[in-house]
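Fit the two chains together into the complex; they arrive one by one in their own frames, and the hints show the way.
Top line first, the protein sequences correspond to chains A and B.
Here the working numbering is used: the first residue of the first sequence is 1, the next is one more, and so on.
Here the working numbering is used: the first residue of the second sequence is 282, the next is one more, and so on.
Since the hints were derived computationally from the structure, they do not count as laboratory data.
It cannot be assumed that every hint is accurate.
[What the hints assert, rightly or not] Taking beta-carbon pairs under 7 Å as the criterion, some of the chain B residues facing chain A (in silico):
| id | residue |
| --- | --- |
| 1 | S354 |
| 2 | T356 |
| 3 | A360 |
| 4 | S364 |
[Unchecked claim] Chain A is nowhere near these chain B residues, computed Cβ spacing over 10 Å in every case:
| id | residue |
| --- | --- |
| 5 | L373 |
| 6 | S383 |
| 7 | Y441 |
[Claimed, not checked] Derived list of chain A stretches under chain B, where covered just means 3 residues or more per stretch with a C-beta under 8 Å from a C-beta of chain B:
| id | segment |
| --- | --- |
| 8 | 5-16 |
| 9 | 241-252 |
Note that the Cβ used here is the ideal one computed from N, Cα and C, for glycine as well.
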Amino acid sequence: MLDTLIMYLQYPFVRYAVIVGVLIALCSSLLGVTLVLKRFSFIGDGLSHVAFGAMAVASVAGLTNKLLIVLPVTVISAVLLLRSGQNTRIKGDASVAMISVGALAFGYLIMNLFSTSSNLSGDVCSTLFGSTSILTLTLREVRICIVLSVIVVVIFVLFYNKIFAVTFDESFAKAAGVRTERYNLLIAVVIAVIIVLAMNLVGSLLISALVIFPALSAMRVQRSFKSVTICSAVLSVLCALIGIAVSILGGTPVGSTIVAVDVAVFIICYSLGKIRGGIGV
Amino acid sequence: MKKSICLLMSIILCLLIPGCRTEEPLQTEMTYPDYTVEYTSPYSFGEEVYESSETTQTAQPAEGIDMDLTTMSSTMVYANVYSLISYPDDYLGQTIKMEGVSSSFHSETNGNYYFACVIQDAAACCSQGIEYELTEEFINPDDYPSDGDQICVVGVFDMYEEDGMYYVTLRDAQLLEE
Numbered sequence: 001m002l003d004t005l006i007m008y009l010q011y012p013f014v015r016y017a018v019i020v021g022v023l024i025a026l027c028s029s030l031l032g033v034t035l036v037l038k039r040f041s042f043i044g045d046g047l048s049h050v051a052f053g054a055m056a057v058a059s060v061a062g063l064t065n066k067l068l069i070v071l072p073v074t075v076i077s078a079v080l081l082l083r084s085g086q087n088t089r090i091k092g093d094a095s096v097a098m099i100s101v102g103a104l105a106f107g108y109l110i111m112n113l114f115s116t117s118s119n120l121s122g123d124v125c126s127t128l129f130g131s132t133s134i135l136t137l138t139l140r141e142v143r144i145c146i147v148l149s150v151i152v153v154v155i156f157v158l159f160y161n162k163i164f165a166v167t168f169d170e171s172f173a174k175a176a177g178v179r180t181e182r183y184n185l186l187i188a189v190v191i192a193v194i195i196v197l198a199m200n201l202v203g204s205l206l207i208s209a210l211v212i213f214p215a216l217s218a219m220r221v222q223r224s225f226k227s228v229t230i231c232s233a234v235l236s237v238l239c240a241l242i243g244i245a246v247s248i249l250g251g252t253p254v255g256s257t258i259v260a261v262d263v264a265v266f267i268i269c270y271s272l273g274k275i276r277g278g279i280g281v
Numbered sequence: 282m283k284k285s286i287c288l289l290m291s292i293i294l295c296l297l298i299p300g301c302r303t304e305e306p307l308q309t310e311m312t313y314p315d316y317t318v319e320y321t322s323p324y325s326f327g328e329e330v331y332e333s334s335e336t337t338q339t340a341q342p343a344e345g346i347d348m349d350l351t352t353m354s355s356t357m358v359y360a361n362v363y364s365l366i367s368y369p370d371d372y373l374g375q376t377i378k379m380e381g382v383s384s385s386f387h388s389e390t391n392g393n394y395y396f397a398c399v400i401q402d403a404a405a406c407c408s409q410g411i412e413y414e415l416t417e418e419f420i421n422p423d424d425y426p427s428d429g430d431q432i433c434v435v436g437v438f439d440m441y442e443e444d445g446m447y448y449v450t451l452r453d454a455q456l457l458e459e
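In isolation and in its complexed conformation, chain B is listed as follows (with noise of 0.2 Å):
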């Protein structure tokens, strides 16, 4: 009986080993754990609460804007937002047209706010978001939304280098009616 469970556990574990050789998606400096997907710098978003935009109608994405992601279901959104984060060298340059909460941290560090728009999961346990910069005709902080507001966003998608950290962000982030 040993005998037989060490055998299936060196199998078991063999099958298993191969596969920490293959990559990782592209961490931009936060932390995802494989079952929780957060956004977790450079904001502390805690666990906001809100009724997401449901519904599909059409998914197609609008003229100008590569990814809409108002027109998809919570879950796809969800899903879209976290591919975004894990490999942003697929998406740079377009423009993301999304809807959801805006956050905002002000790092005690560099003076900087930072504002993001916040989305959550269908099982509504899960949040995360993407930061926006508008314009430059908008003053940051003064111009720009208050936290908890609902908002629509396009931007183009970006990536840059902070402290050592990579963030993605929505660069030239036009705020839209819904």
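Isolated chain A, as found in the complex (with noise of 0.2 Å):
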């Protein structure tokens, strides 16, 4: 078996997948903490169902480069989102529920009104669960993928201490002379960032399993802020790797089998969690 994997990963598309997929798995699990502790863990299903919808108008305008319709949207859409609790007449969870669903039917009644390909359940299918986009990447959108994960690591790192304060108490970080909408606005578009490069990776269905489950299972076996961060990372891209691994070696859908590698790896640290007594989220 591992004589199998090491000639699959002669193959360039298969380099490609592992590449991509450890850096989403590492930028995703980087923001998943902040998402789940800031009680934002649904935004992501409703941000990539959002990116949909935006995918689908991209694919009728027949736009080679989709990235420059599907990420300024969502970009938006998730500082929409963000601030809506904030001075707005629909509430958290309604908005996001509202923008989710709509999206996700203009998106599909795009395609079928609009779409040129004769296989319009197949690019359904495989926008929403991934299917194998992960191993059919172009070179340009690998490092299309390596540069916006660089940004996103860079942006972490460099505001971990806002984004600490941000997310823990923003109320007090905010009377401590921080400017939180600012740094709000760079979490949403951050977020807006991993969502869109997800998508090839698990499909944007499964997206917020990639977000939460990471950073759920370190909460159950780490304490501090930073420890839960730097566990949820390297769970993440464990879950990753294995999952990819697990997918090309069986004949596996990628998105799911990264997905259900995630649902296990929590299921173990909640067991250790309730073993040795981790933070209860």
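In structure tokens:
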């Protein structure tokens, strides 16, 4: 089995998948801790559906580089969603649900009405569940992913203290002089970038799992914000690697295999946490 | 706030625009959306569903065969076929063995029958295929498999032009007992 895996790694598209998979897993896990602690776990789901709608529009428009539409639309939606709790008529979860299902329905409608593809169900299924898109990446897509991932990691490291402050007690951070609006905006943009990147790996329906599970698993076995973040990153990358390896060896769908591994690791961490007594979220 | 949004959007767009200049994979006249792979021409395969032969045993190609897709998992088969169609120049002249479902297309324009070996991805939602042309002893279309037949085919990967469009095919193909 190891020989087969090594042989598969000689294919460029498998190496691309491993690189992109690791980077996406790393980025999603870093912000996952913040999202879970800020009670924004479901926002990833909403944004991924927005990205699906934008992807449908980009496909119908025949754009070669779909990110030109998908990324700005997702970023704007992220900003709107994270601000929805402040002075808006439609509050938090309602606005996430509204934008989520609205974008999903709009995207599917657009693809049905204007798609030039002969395999519409395949298009939709592939976008929603990732299918094998991680194994069909072009070199350009890999480069874009690397650049965006590096930006996400650098932003997280540079603003770690501010993100920490905004995550745990936004009111106190504001009183202490931290411009919380700016950092919330920053978090929103980074989340949107991660969501768009992760669509290739697990599809838009499974992105939330990539964001939430590593953070929740880490919280079962670690206590401090820093150790939870590091543990979450390590678990997420390991799960992505194991998931990709299992899927290419066993012929299973990549996205759902990675999520299945994430779930299994969560169960293990939950059991360990029960024994050791981890923090609860 | 608006200024911050505009600034961030500008940075993102600046990062993305250089990516537009890089080379795209060769499109052999077929259209491949980034997130969906399908073989659209000259066939229209619809949504055939079949149980792909699963499992990975040894992935070592047999003697005389450069790429043996029959020993790979369905995920790897799909990714390899995508690569064959997207970057045909890298594989010209290679002997390829694959198994899948036979599908045919009759062109009313030139009267020709085209046959392809179609495979599906692991999620069973996307299908793509490669055309095959059996050796001269086989008469087209009488001696070719029927639509839906499970086939195992070995042939030399090649590309040809027809009506200004480029297609990929397995030349001098042989049907093997599975």
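Hints numbered earlier in the text: which of these fail when held up against the supplied structure?
Checked against the structure, no hint fails, so every one of them is satisfied.
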